[in-house]
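Colleague: Each chain, written out:
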Amino acid sequence: DAGVIQSPRHEVTEMGQEVTLRCKPISGHDYLFWYRQTMMRGLELLIYFNNNVPIDDSGMPEDRFSAKMPNASFSTLKIQPSEPRDSAVYFCASSLIAGGEEKLFFGSGTQLSVL
Amino acid sequence: GESVGLHLPTLSVQEGDNSIINCAYSNSASDYFIWYKQESGKGPQFIIDIRSNMDKRQGQRVTVLLNKTVKHLSLQIAATQPGDSAVYFCAENRSRRNTPLVFGKGTRLSVIA
Numbered sequence: 001d002a003g004v005i006q007s008p009r010h011e012v013t014e015m016g017q018e019v020t021l022r023c024k025p026i027s028g029h030d031y032l033f034w035y036r037q038t039m040m041r042g043l044e045l046l047i048y049f050n051n052n053v054p055i056d057d058s059g060m061p062e063d064r065f066s067a068k069m070p071n072a073s074f075s076t077l078k079i080q081p082s083e084p085r086d087s088a089v090y091f092c093a094s095s096l097i098a099g100g101e102e103k104l105f106f107g108s109g110t111q112l113s114v115l
Numbered sequence: 001g002e003s004v005g006l007h008l009p010t011l012s013v014q015e016g017d018n019s020i021i022n023c024a025y026s027n028s029a030s031d032y033f034i035w036y037k038q039e040s041g042k043g044p045q046f047i048i049d050i051r052s053n054m055d056k057r058q059g060q061r062v063t064v065l066l067n068k069t070v071k072h073l074s075l076q077i078a079a080t081q082p083g084d085s086a087v088y089f090c091a092e093n094r095s096r097r098n099t100p101l102v103f104g105k106g107t108r109l110s111v112i113a
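Line by line, the protein sequences are chains D and V. Going letter by letter, the first sequence gives residues 1 to 115 in my numbering. Going letter by letter, the second sequence gives residues 1 to 113 in my numbering.
Think of the hints as simulated: they come from the structure by calculation, not from any bench. All figures in this text were calculated on a predicted structure; none of them were measured in a lab. C-beta atoms are modelled at their ideal positions from N, C-alpha and C, and glycine is treated no differently. Hints are not guaranteed to be accurate.
FRET-style restraints, in silico, Cβ to Cβ [unchecked claim]:
1. D:Ser73 <-> V:Asn18: 18 to 26 angstroms
2. D:Gln111 <-> V:Gln76: 40 to 48 angstroms
3. V:Gln45 <-> D:Gly59: 17 to 25 angstroms
4. D:Ser66 <-> V:Asn67: 38 to 46 angstroms
5. V:Asp17 <-> D:Ser66: 24 to 32 angstroms
6. V:Gln14 <-> D:Glu62: 45 to 53 angstroms
7. V:Thr10 <-> D:Phe74: 37 to 45 angstroms
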């Protein structure tokens, strides 16, 4: 299995632009998580899905952030409009909790820089 | 007020020595614990996990110890190698299954060759 695949690996954009981060979870996994990592706040959970349904989005910082999971093999995290304080590494992770495995498998992350 | 950056505890270990990384958790109801390793530029990678019905679990060169009395978790790495240099996170499941793991702030391990 290729693991969790995220794209792009790096994104540099200007303030006010729309940013879309993409994630392909491990095939068969029933949970998908979006995390943000910064030096200031560490690893923060933004939102997670179970069987493509958003379960908890209380970690999403504000309305500029939105996430979708149209099918079991794809999810997006969108920031519109982006701001410099959104600069961080965004990780997607998936797991197969229904199978008794609670550990998360992380992607390589997207390094976002908003200028 | 002025914000401060996240200060990661750092552990420096001589190559070949054993490393012990500690983690305190807060919820006595947590029943699942896990250690992750994050190398620079990469996502966290699973190392080892343990359930609350166990006190110790061993993997390849790694051992996790769980002390539920004092809510303490530790990761022991035997014969530490330069490739072990990374940030190590502990995580706990604070309630029942089907809820996200809660991650600690991390400890940076630096291996001195």
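Colleague: Would you pick out the hints that fail for this structure and give their numbers low to high?
Modeller: 1, 2 and 5
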